[in-house]
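S.K.: Chain A is already provided as a structure; the job is to place chains B, C and D on it using the hints.
4 protein chains.
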Amino acid sequence: MSGNSFGKLFTVTTFGESHGPAIGCVIDGCPPGLALSEADIQPELDRRKPGTSRHVTQRQEPDTVQILSGVYQGVTTGTPIALLIKNEDQRSKDYGNIAESFRPGHADYTYWHKYGVRDPRGGGRSSARLTAPVVGAAAIAKKWLKEKYGTEFAGCMSQLGEIEVPFESFEHVPSNPFFAATSDAALIERMEDYMDALRKDGDSIGARIDVVARNVPVGLGQPIYDKLDADIAYAMMGINAVKGVEIGAGFDSVAQRGSEHGDELTPQGFVGNNAGGVLGGISTGQDITVSIAIKPTSSIRTPRRSIDKDGNPVMVETFGRHDPCVGIRATPIAEAMLALVLIDHALMHRAQCGDVSVATPDIGKA
Amino acid sequence: MSGNSFGKLFTVTTFGESHGPAIGCVIDGCPPGLALSEADIQPELDRRKPGTSRHVTQRQEPDTVQILSGVYQGVTTGTPIALLIKNEDQRSKDYGNIAESFRPGHADYTYWHKYGVRDPRGGGRSSARLTAPVVGAAAIAKKWLKEKYGTEFAGCMSQLGEIEVPFESFEHVPSNPFFAATSDAALIERMEDYMDALRKDGDSIGARIDVVARNVPVGLGQPIYDKLDADIAYAMMGINAVKGVEIGAGFDSVAQRGSEHGDELTPQGFVGNNAGGVLGGISTGQDITVSIAIKPTSSIRTPRRSIDKDGNPVMVETFGRHDPCVGIRATPIAEAMLALVLIDHALMHRAQCGDVSVATPDIGKA
Amino acid sequence: MSGNSFGKLFTVTTFGESHGPAIGCVIDGCPPGLALSEADIQPELDRRKPGTSRHVTQRQEPDTVQILSGVYQGVTTGTPIALLIKNEDQRSKDYGNIAESFRPGHADYTYWHKYGVRDPRGGGRSSARLTAPVVGAAAIAKKWLKEKYGTEFAGCMSQLGEIEVPFESFEHVPSNPFFAATSDAALIERMEDYMDALRKDGDSIGARIDVVARNVPVGLGQPIYDKLDADIAYAMMGINAVKGVEIGAGFDSVAQRGSEHGDELTPQGFVGNNAGGVLGGISTGQDITVSIAIKPTSSIRTPRRSIDKDGNPVMVETFGRHDPCVGIRATPIAEAMLALVLIDHALMHRAQCGDVSVATPDIGKA
Amino acid sequence: MSGNSFGKLFTVTTFGESHGPAIGCVIDGCPPGLALSEADIQPELDRRKPGTSRHVTQRQEPDTVQILSGVYQGVTTGTPIALLIKNEDQRSKDYGNIAESFRPGHADYTYWHKYGVRDPRGGGRSSARLTAPVVGAAAIAKKWLKEKYGTEFAGCMSQLGEIEVPFESFEHVPSNPFFAATSDAALIERMEDYMDALRKDGDSIGARIDVVARNVPVGLGQPIYDKLDADIAYAMMGINAVKGVEIGAGFDSVAQRGSEHGDELTPQGFVGNNAGGVLGGISTGQDITVSIAIKPTSSIRTPRRSIDKDGNPVMVETFGRHDPCVGIRATPIAEAMLALVLIDHALMHRAQCGDVSVATPDIGKA
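Chain order of the listed sequences is A, B, C and D. Every letter in the first sequence is one number past the one before it in full-length UniProt numbering, and letter 295, counting from 1, is 295. Every letter in the second sequence is one number past the one before it in full-length UniProt numbering, and letter 315, counting from 1, is 315. Every letter in the third sequence is one number past the one before it in full-length UniProt numbering, and letter 72, counting from 1, is 72. Every letter in the fourth sequence is one number past the one before it in full-length UniProt numbering, and letter 242, counting from 1, is 242.
The list treats identical chains as interchangeable, and a pair is accepted whether it falls inside one copy or across any two copies.
BS3-like mimics (lysine-lysine), calculated; alpha carbons at most 30 Å apart, straight line: (1) Lys-146 - Lys-86; (2) Lys-143 - Lys-86; (3) Lys-309 - Lys-143; (4) Lys-146 - Lys-309.
Simulated from the structure, these hints should not be mistaken for laboratory data. These numbers were taken from a predicted model, which means no experiment stands behind them.
This is chain A alone, in the form it adopts within the complex:
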C-alpha cells in the first residue's frame, strides 16, 4: 500500500537505496515448478547495468544477483523468491553538495517534503538504480511467459533528443550502445557525437523508447479499471523519468477517424494494429505495442537556480556519476515492466476464467 510492491498476484516488493549495502526484491506468487537459477536472471541485469559504454554512468556495479529463497533443487517451489544485489561502488561523498539543496527536476524536493527526511546519497530510494531488482524479477516472469505461452519481449530507443531512429529490426539492438533498432552505422555515429557534445556541455537529453510483447494470449486484462493498458500505463509512468505513455496509435488517434483507426478483422486476423494489442482493456492476441517519453536527466553539471532547505536561493551544479540520457538504459527496464504486467494479468485471468489457451488464435497475428 505504501507503494513498494508491484503486481497483485506476481508481486514484486523491492527494497534498497542507491548507496546502501544492498538492493533487492521479494517475488511472491511465482508459480511453482519453473526451472530457475541465477543464470536465468543475470543476462537481463547485464543488459541494464551501468558502465557498459561511455554514454552511461561510469559507476562500476557488477549487479551480481543471488537467489536467497523460493528455489529448491533448481525449481521454484511456489514460495517467495528473494533476490539480493550488493552495492559495490558507493561513493557517497560525490553527492554531499546536494544534501542541503534541491536539484531542479529531481525528486530531492518532494521526498524531503513528503517524509521530512531523505537519504541524499545517489538519490537514495529515487535512484534509477532501483530498477535493477525489477529487471531481475521480470527475468523470471519472462521465462515463465515464454514457456507457458511463447510470449516474447523486445524494445528499442526510437528517438534520442531530436534524432529519430527509424525502426529496422530488433536484432540490431544489442549491437550498439543505444538500444537502437538500426544497422545504420552513420546514424549510430551521429548519436555518439550527439552524446559526446552533451557531456561536454554538462547537459542531458530525453529519449523515446518503444517496447513490444509478442505471442500474448487473448483475454488478459481486468476491466473496467485494471485494464491491461491501464496497468501498462501505470507500470511505464512509474519508471524513473517517464512523462508520457502511448499504446498502439497513441496520440495519433486524436486526428484519426473511426473508419481509419478501428482495426478490421478478417478470418486471417486483424488488419492493422492501431489498438496496440488491447481492446476494451483486454489483450487481442496481437502484439502489444507501447511507447514512452523519457525526460532528460535532472542531475547535470550546468549551474541552475534552486533553493536550500531553508528556502534561500542557491545555484546547484551536480557532479558525481550520472547517465547523461537515462533513456539509454531504459529499454530493458520498459520490457521488464511490460513482462511484470503481463504475468500478473495472466495469473489474474486464470483465477477468474481458468487457464488461458497456450496458443494465441491464428487470427490476431496480423
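M.R.: Just chains B, C and D now, kept in the frame of chain A:
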C-alpha cells in the same frame, strides 16, 4: 482484484451494464463528517450526461443519482456510500445486429474471448455509460479535497480531430458543447460543422483532453511504484478509448535538454512546470497537468470488415445511438479520475506520514 | 481497505444500514458462465431472515433479493454482480432512546469514538442485518463450488447457553427453530422453554455454532499469512458477536500429545481429523470443521449502567425488536462466510498453481 | 496475494526457508522519522530464538538481524526496511528421511499437494523458524506504537498440556523457560519435569498462550470485515500450530447472559472486560486480551503410520532437532502478531479518520 474497484483507500466499486436495470457504485473509505446530499453529486453527473447537444449520443438519460447508504442526517458516517442510477432509456434492439459479430476497434471481440459470454446490449459493461458512477463518486472526492485543501479541478478539449483549440480560459468551457476553453465563436462553429460532416459520413473522430488540478498539497504519491503520476496514468488510460497519457511536458520531454526541462526553483517558487506538478512520483504543490488522447468511437455506420463468432467474414455497420466523438464528454470523466487519484493519495499519505498541511507552500505556485 | 469488502478474488463489497432504504452488495470476480438467477439466492436468504419463529427478532423483512447486474440471459458474465435488498420494516423510533447513550457490550460506543458520528437506527452499519448481503453472495459461491468440486456446507447450533446439543445429523437442522442437529423433541422443547424464560427476563444468551465444508479440494490456502485457517478465523471472528474460533480440535489441542493429535495417514486416507481439514494452512481434502462462540445479544431490556455522550451516568434499557440469542440465526451466516473463504482460496490457488483437480483424492475422506 | 505479506499499510513481506541461506523481510509503510537501529530489534529476536533452554530445539541460531535499507543516519526514511537474518546452523541431512513421506499432523502433505514440489529441509517454508522475521518487524511496530500512544504488549503461557498456570504477574515471564507469569518455583519445576518426561517419551504437547495490549487508542478497527478482532484472529490463527483463538471472554461467552457479558460503563470507565477491548470490531481503549490454543508439535520420535508420495504405507519417526512444545516460544510471536495488527489499524484509522488522539480516554482503563 477482478478490476472493478478503483482506489485503495477511497475505493469505488462500480457495477452495472449499459442496458441493465441500473448502474451504480459503492464508495468505501470516505472520511466521516462530510456534509453530503444528492445535490452535491448531481451537477457533475449533469456535465457528463448524454443528450445535451446534437454532437453526442441522443440516448435520453436523466442520470438521477440516489444515495442508498453511508449518509445520516446529511453527513457522511464513514461507512460505505452506495450510489444508484437507474437506466431509463434502454433500447436493446438497436444492438441486436452486433451480438454475433465484432465491431472493429471495439471490446466486443476481447470480452467474448475472455469471458466466453458477453452482454451485447449497448456494449454491456464496456460502455462509456459506466463512467457515470465514477463521476458521481468523484463529486464526493472533489468536495472533500476542496474543503480540506482547497483543491480544484478543471479540464477542456484542446484538440478535436485535426482542429486544435488554443487555450484561453477554463471559464469558457461550459459555454459551448465541446468543453473548449475558448470564446472564439468562429472556432466553435467550425467544430460544429466538422461534427455535422462526420455524422453525415457515418464516421467518428478522436480528441485530446487536458485536465488540471490546482492547490494540490505537496507530498502526495507513494513511490516507487504507486507514484502519483503512475496512478494518474493508470486512471486515465483506463477511461474508455484513451490511447495516450502525458504528464507535464509529456512527449515534448524527448527533445528537451536537462537545462531546459528541469524546473528551476526560487524562493518565490518553481519557475515553469515541465514536471506537471510531479517529481519522483510525488506532488510538488504546483498544478498537476495531464493530457490524454482519445481514439475515435468504434461504433460507426460506415461498413467495415469483420468476422462473426464462427470466424466467418462479415460486414459490420453499427446503428443505434452513439457519440461520434467520445472525447466530447470525456472532460468531466478525466477530471473525475484525477480527483479519485488525488483523494486516494491524500489518504495514503496521511496513513504513513500523518496529516498533510492544509495549505500548499508559497513556493510551487508559479 | 476501509473494511467493507470481503475476499481478494471473489470480492464482496457490502453497503447499507439497518434502517436505510436498502442494503446490498457488489460481487466482483465471480467466474463467468455460471447459471444464476434470484431463485438460486433467495433460499439462503430465507434461512437467515428474521421473523421465522418467536425466538428471533419480530422485524418483518421478506429480504427479497434483486440482481442488478452481471447476469445476462441467466448466466454470469464475469462482470460485477450487484444484489439489492430493500429494507421494508424500519421503525427507527424504537431506537430513539439509545441515540445519546451507549449500550453495554454494543458497538455504539466505539462507532461514535471512531467516526465522531453514527447512525443509531437499529445499530446502523453494525447491525447483524448486514449479514444478509453476504449470505446472498455466498449462495453464488456455494453454487459455483458445488458445481466445480462438489463442495457442500452444513452447520448447526451445538450449544445454547448452558444447554449442549449432541450432534445427531445435519438433516434435522431445518426441522427446529434453533438449527439444532437433533431429532430429540424433548431437547428442543427444553430449548424453547429456556428462550421463553430469557425473553421474560429481558435478557439474552450466547451460543456455539459448528460448521463444516465437505468435498473440499486439497491444496487451498496461501501460507504463510493467508493460510486457509487464518482466513477462516478472520471470516468467523468478523461475524457480529463472535468471540472465539476453533478449527478441528481447537482448544482441546492444548492438552493433547503429538502422538494423539497428529492425524495418521493410511492408503485409505486420514485416520481422524484433529486438523479440521487444514495442515500448514492448506486444505487436506478432509472435512473442514469450525466452531465459533457467539456472545449474548447486547440489546436487552434489563436496565444496565452506562454513560451518555457527555460522560454522564445513565441507565440503559433497550426496547425495540432484537434477537434474544443472535446465535440462533448464525448458522447460515457462518456457512456463508466459510463458503466465501473457500471460493476465494479456490480462485487464488488456480491463479498461482493452475486449476485444482475437480475430485478430492480418495485419501482424506476419513 | 500469494500470502506472504502481512498487513495492508504496515506491510511485512517475508521470505526464506528453514535451511536456506537466509530469512528476512521487507517492511513497507513504516512511518518516517522513527529512530531505529538493530539494537531496537535484536532483543525481541533473542526472546524467540532457539536453544535458550533444554525444553526447546537445540538448533543454534544467533538470529542476528541486519538492516539493509530504509534507515538513514539512525532514522527511518519512510522507504522499505529490509531485515536480513542468516541461517547459521543448517543440518539438512537430519531431515532426509521425511523427504519422501508425510509426517502426521504436518504441512508436508499439503505443501506437496498444493505446489507439486516442496523443500523438505527443516519444514522449508512451513517451519516456525519463519516467525523470526515477523518478530523483527514487530519490534519496529512496537517501538512506534509505544512512542506514539504508549501502547505496550505482554504475554505468557497459561497452560502447558494439562498443567494450568495461574496468572500472577507478567514480570515473572522472563524468569523461567516457559514464559509463565508465575513466581511459583514448584510449578516451574513441575513443568520442567513434565517436559523432560515428554522428551524421553519422544512425544510433544500443546499449550495455551495469552497476550495483551495496553494503552490502545480507542477507534482502531475497520468494520464490517476488517474488524480489529477479525484481523487479530487472522493473525493468531496464522501462527504455526494455532488451532483456536479467543478475544475477551471467548468461548465462555456461550454460556453467559447479556446482563452478565456486556461490560457496563461508568464515568470512570468500563466495569469489566468481557469484550477483550473490542466492540463492534473497534477498539474500546481497554486492554486487548487474546488467548490462543497451540497444538503439539507434529515432528516427534514416536513412530506413526503414514504414506509416502506413491501412497504406500510407511512408518514415520522424526529425528532431528524439534521443539517438543512449540507453544513455549510462541509468546513473543503472538505479541508480535498483535503489534503488527495494531500498527496496521492505527495507520488505517488515520487514513480515513485523521490522527487518533495520543492518549486513550480515562474511561476504558478499568
